[in-house]
Amino acid sequence: MRFQFLLGEIGNGLRRNLSMAVSVVIVTMISMYLLGLGLMGQRQVDTMKDYWYDRVQVTVMLCAEKTRFTNCAGEATTDAQRTAIKAELEALKPTVKEVYYESRDEAYDRFKQTYKNSPLARAGESYFADSYRVNLNDAGKFDVVASSIKGMPGVADVQDQKKLLEKFFTFMNTVSWAAIALSSLMVLAAVMLISTTIRQTAFSRRRETGIMRLVGASNFTIRFPFVMETVLSSVLGAVLAMGMLWATVRYGVVGFLSQTLTDTAFIGVADVYYVAPFVIVGVIVLSSLTSWVTLRRYLRV
Amino acid sequence: MILFENVTKTYPRTTRPALDDVSLEIPRGEFAFVVGTSGSGKSTMMQLVMKEQDVTRGRVLVAGRDLDRLPERKVPALRREIGCVFQDFRLLPNKTVFQNVAYALQVLGSSRARIRQTVPETLELVGLAGMEKRLPHQLSGGEQQRVAIARAFVNRPPILLADEPTGNLDPDTSLGIVQLLDRINRTGTTVVMATHDTVTVDAMRKRVIRLDRGVLVSDMEAGDYTTGSIPRIRLEEEAEAPRRADEPEASDGYDDGDPTAYDEPDGLPPIGRDADEPRSRGGIFRRHKAVQTSDR
Numbered sequence: 364m365r366f367q368f369l370l371g372e373i374g375n376g377l378r379r380n381l382s383m384a385v386s387v388v389i390v391t392m393i394s395m396y397l398l399g400l401g402l403m404g405q406r407q408v409d410t411m412k413d414y415w416y417d418r419v420q421v422t423v424m425l426c427a428e429k430t431r432f433t434n435c436a437g438e439a440t441t442d443a444q445r446t447a448i449k450a451e452l453e454a455l456k457p458t459v460k461e462v463y464y465e466s467r468d469e470a471y472d473r474f475k476q477t478y479k480n481s482p483l484a485r486a487g488e489s490y491f492a493d494s495y496r497v498n499l500n501d502a503g504k505f506d507v508v509a510s511s512i513k514g515m516p517g518v519a520d521v522q523d524q525k526k527l528l529e530k531f532f533t534f535m536n537t538v539s540w541a542a543i544a545l546s547s548l549m550v551l552a553a554v555m556l557i558s559t560t561i562r563q564t565a566f567s568r569r570r571e572t573g574i575m576r577l578v579g580a581s582n583f584t585i586r587f588p589f590v591m592e593t594v595l596s597s598v599l600g601a602v603l604a605m606g607m608l609w610a611t612v613r614y615g616v617v618g619f620l621s622q623t624l625t626d627t628a629f630i631g632v633a634d635v636y637y638v639a640p641f642v643i644v645g646v647i648v649l650s651s652l653t654s655w656v657t658l659r660r661y662l663r664v
Numbered sequence: 046m047i048l049f050e051n052v053t054k055t056y057p058r059t060t061r062p063a064l065d066d067v068s069l070e071i072p073r074g075e076f077a078f079v080v081g082t083s084g085s086g087k088s089t090m091m092q093l094v095m096k097e098q099d100v101t102r103g104r105v106l107v108a109g110r111d112l113d114r115l116p117e118r119k120v121p122a123l124r125r126e127i128g129c130v131f132q133d134f135r136l137l138p139n140k141t142v143f144q145n146v147a148y149a150l151q152v153l154g155s156s157r158a159r160i161r162q163t164v165p166e167t168l169e170l171v172g173l174a175g176m177e178k179r180l181p182h183q184l185s186g187g188e189q190q191r192v193a194i195a196r197a198f199v200n201r202p203p204i205l206l207a208d209e210p211t212g213n214l215d216p217d218t219s220l221g222i223v224q225l226l227d228r229i230n231r232t233g234t235t236v237v238m239a240t241h242d243t244v245t246v247d248a249m250r251k252r253v254i255r256l257d258r259g260v261l262v263s264d265m266e267a268g269d270y271t272t273g274s275i276p277r278i279r280l281e282e283e284a285e286a287p288r289r290a291d292e293p294e295a296s297d298g299y300d301d302g303d304p305t306a307y308d309e310p311d312g313l314p315p316i317g318r319d320a321d322e323p324r325s326r327g328g329i330f331r332r333h334k335a336v337q338t339s340d341r
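Protein chains in written order, with our numbering: chain F, 364 to 664; chain R, 46 to 341.
Some hints here could point you the wrong way.
Claimed, not checked - To give a feel for the contact side, a few chain F residues facing chain R, derived at Cβ under 8 angstroms:
| no. | residue |
| --- | --- |
| 1 | Phe368 |
| 2 | Ala580 |
| 3 | Ser581 |
| 4 | Asn582 |
Claimed, not checked - Listed next, with one range per pair, are the computed distances between beta-carbon atoms:
| no. | chain 1 | residue 1 | chain 2 | residue 2 | range |
| --- | --- | --- | --- | --- | --- |
| 5 | F | Phe366 | R | Arg104 | 37 to 45 angstroms |
| 6 | F | Tyr637 | R | Arg157 | 42 to 50 angstroms |
| 7 | R | Asn51 | F | Val648 | 45 to 53 angstroms |
| 8 | R | Gly175 | F | Trp609 | 52 to 60 angstroms |
| 9 | R | Glu177 | F | Gln367 | 15 to 23 angstroms |
| 10 | F | Gly374 | R | Pro165 | 24 to 32 angstroms |
| 11 | R | Asp215 | F | Val648 | 53 to 61 angstroms |
| 12 | R | Arg161 | F | Phe566 | 28 to 36 angstroms |
| 13 | F | Val648 | R | Arg157 | 28 to 36 angstroms |
| 14 | F | Ile389 | R | Glu50 | 42 to 50 angstroms |
| 15 | F | Glu529 | R | Glu117 | 54 to 62 angstroms |
| 16 | F | Ser547 | R | Tyr56 | 38 to 46 angstroms |
Honestly, the hints are just simulated from the structure, not real lab data.
All C-beta atoms in this analysis are idealised placements derived from N, C-alpha and C, irrespective of residue type, glycine included.
Next comes chain R alone, as it looks inside the complex (with noise of 0.2 angstroms):
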């Protein structure tokens, strides 16, 4: 789904690359960190995938496409097949919580019947259902990122990245949003999340990509990767259960593992097969239509 070969990015005017020389792939229906502390270029990573930036060196290949040699016009095409999250929500202030979510599918073309049954959905989804009228300065720092999130996936998209989603958010509203995403992951969605914060990543045993100045220095499976940091949240479930095999193939869409080893811990409906598989009929026609494009 991301595969980084040898990539360097160097931004104009500085000596020291922003990301040297880094190889990964990041299968399809992963779950993974990126960690690193500030400037160690964990953002960076987020761009190059999203075609903000360009690689000075190396390839970078996203869903099936060759970044580098993305024409300009098919960008868009790029981005609507990945949902992006960040640490400032970047909510727009005068819109309600259903018109911020239902933006998202406006700007694609989606039929009013598409978004007037969507964006409930997803609402409910992200756990913001009766909501729906709220602005968001009426909602509290982790609701605010729920609506971010809700808009990132309001279209289903494969990817779903997050750059410090939790960076504003306080250690218990931090955990929500990482389960959401968790849950996510679990309708088949690929997830990266960019983070420093290392109690939420002990507590989700997911890969670990740590990069320290641009380098990558290890790069943890599942369950492996600790801080050495004893987390001050210990979800007992999570933390006795013991390592899912089954992680990196979730990418039928399905949950094939037992059903009660997900008992959602926020108390939410879990992801049902519309969630899953967002194939109403506007779905499929733009997804097959935007692959159509880009093979082009």
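Extracted from the complex, chain F is given alone in its bound form (with noise of 0.2 angstroms):
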């Protein structure tokens, strides 16, 4: 009987407050969409960093003719120093996965090949040189494999493709955290909201919690209509919010982008699955405290 009884004060307060309701909804989902967003940006460069950190090289350039790196000296790099630098790169293991030679005429062909349609095809093989590929097992430790080989007869220069994606990547932690941010405000107005809404529906059910209180009824029974609807009305945004986040993964992402753009990976609609739980549960939790400390304050019992 009483929770029959709850279920419709929750009902009825819903009804009466239906605008009050419905803006709650909408605030929650906009917030929560934008906080999945942000958390959808967070994963994306993690699955880059994953995808890209197993495939980014070490290149050990060696000396051409007339090189402007001041440790060729103008020579290009003998054949004994490609089998010292050789040896020396095959010590390194297991700091060292693999190493590849790579000719001038190979590097030429693989740039023209890639850039086929772009005017940089047009460049010369002069601005190539012999090179050593290393795949590292672990790609942060490039300073272990620069400092031994740098310095070394025959090397022009040892370069780090992590560090031009790591460029990339902070970029988009940047955007990925301000999104985050954005949403972390519209958290706060979704609370305050919540607040207010309670205060004003507090107020005009005031006859009906004091006769509550008057024949003593428990706090729990006053109370618990007034949270209930608004988490209700919260997770209803946050639910929407992660199905808005949902398809925007299904179509925008695994849909579009991934076609598009082959050479890289994705996140994918596995990642909403993963987020979606948190953030609902989060919502539960932060609109039944907002409720409940509201309440606390503005309705005596």
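Two independent chains are provided; combine them into the complex using the hints.
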């Protein structure tokens, strides 16, 4: 009976304060959507890191005639130097995973292949040099390789692709943090809106709550309908937000981006499923806490 | 049942106490008027009993509970033992008479069967049989107050507080309300009524506690009190009847006096055993439960 009565009270309250409930739904939805986008951005960065850090290489460029690198002194790398460098790299295992040799011609061909539709393809062969391409077991160990190879005779330069990628990742990270920061502002707005809504409903129902108090209804009976109204509307908002996020990832990322840009990894809907429970539980906790605290202040028992 | 021990209540930012060193006892089953002008502390007294306010000094005991030491979460259990009626009725305007009375049971989690049984019984008791489907604005002031009394009494609380229940009513209607409270009192319910309606007080010949600016100035046994004014309404039988000696011990809930002496003046059915003892199964369960929780 009491359960039914409480359900009825919740229904009545939602019906009578529909516009307030709708505003709570919308604000929660937008804030949680933004938060979700931010979290997805973070996961995208993580996914790309995982993908790329397995593939990034350290390039040990060797000397060619007339290169500007001071270490070369204008001389091309000799075969003896080559062997020494190769041996040194092999000695660095297991930090070094694999070592490939790429000759100047191969490098030039590969470049022309990659950029065949670009004006860069007209660059001459002289821009290229022989090199060792080194895969690392741990992409973070570049410095170990660099320090032992860099000064060796015949080595023009040691380059880390990771450095280039990192700039890109930092950019993506910043964007996703900005989304999270924005969403936290929205969450603040949602919290204040919930608090205002509760004050409003508590005021409009002060007659009923007054009588409940008089006849000795427990605090739980008096407050539960208010709390449930806000929790229900904010959870609805969060569920809608997660739906929107799912659609964004499903049709925007999986359906479009990953079809278009095939040579990198993207997040999938699984990432939405992973994030959604945390977001929804978070919203439940946040809205019930907010409403409980507000009720303590505005609904004296 | 209700005990005040040197109770002083001073509201914040005021110098004069609303109640000043008041000590009194209202035993179980008594009917007591609290009289005094506006601002004399009548309502404060009521609110202290309800624990709507806390005492500044002294001690208030209600139904075996020391209110000063009663934790916040046990206040609802205390209020379940107290029915409350106000000058402004406080009915829910969008609910019918039946729903208004049933509301008190619903929020306490009574079963539907119990509501269907108790609410019509109580409405009949207060003289509103057949008006279940009316809305409050379709009722007269007196009828609205009867609904409020029904709501306060539907749980059969051992104490009924009435704060100026006749303040908005004309003298004839007021008398009807007070007689109804008297009938409820005779079921064993302790009734405390704050009022400044001297006419009714004179007519009823009950205990009268007089407050003046927060000080207890007199506390007269049933029948001793008169305001000195000539009552405009006089109940022949009541006025001439000898003072009832058995008044304060009506705690067993039974009327052991001569039943003919209580020929109901308002022509309503006498309160039978059912109303006397609200001991339907649910009632007993609830009451015991409430007592147990308060003992812990």
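Go through the numbered hints given earlier and state which of them the structure violates, listing their numbers in rising order.
14
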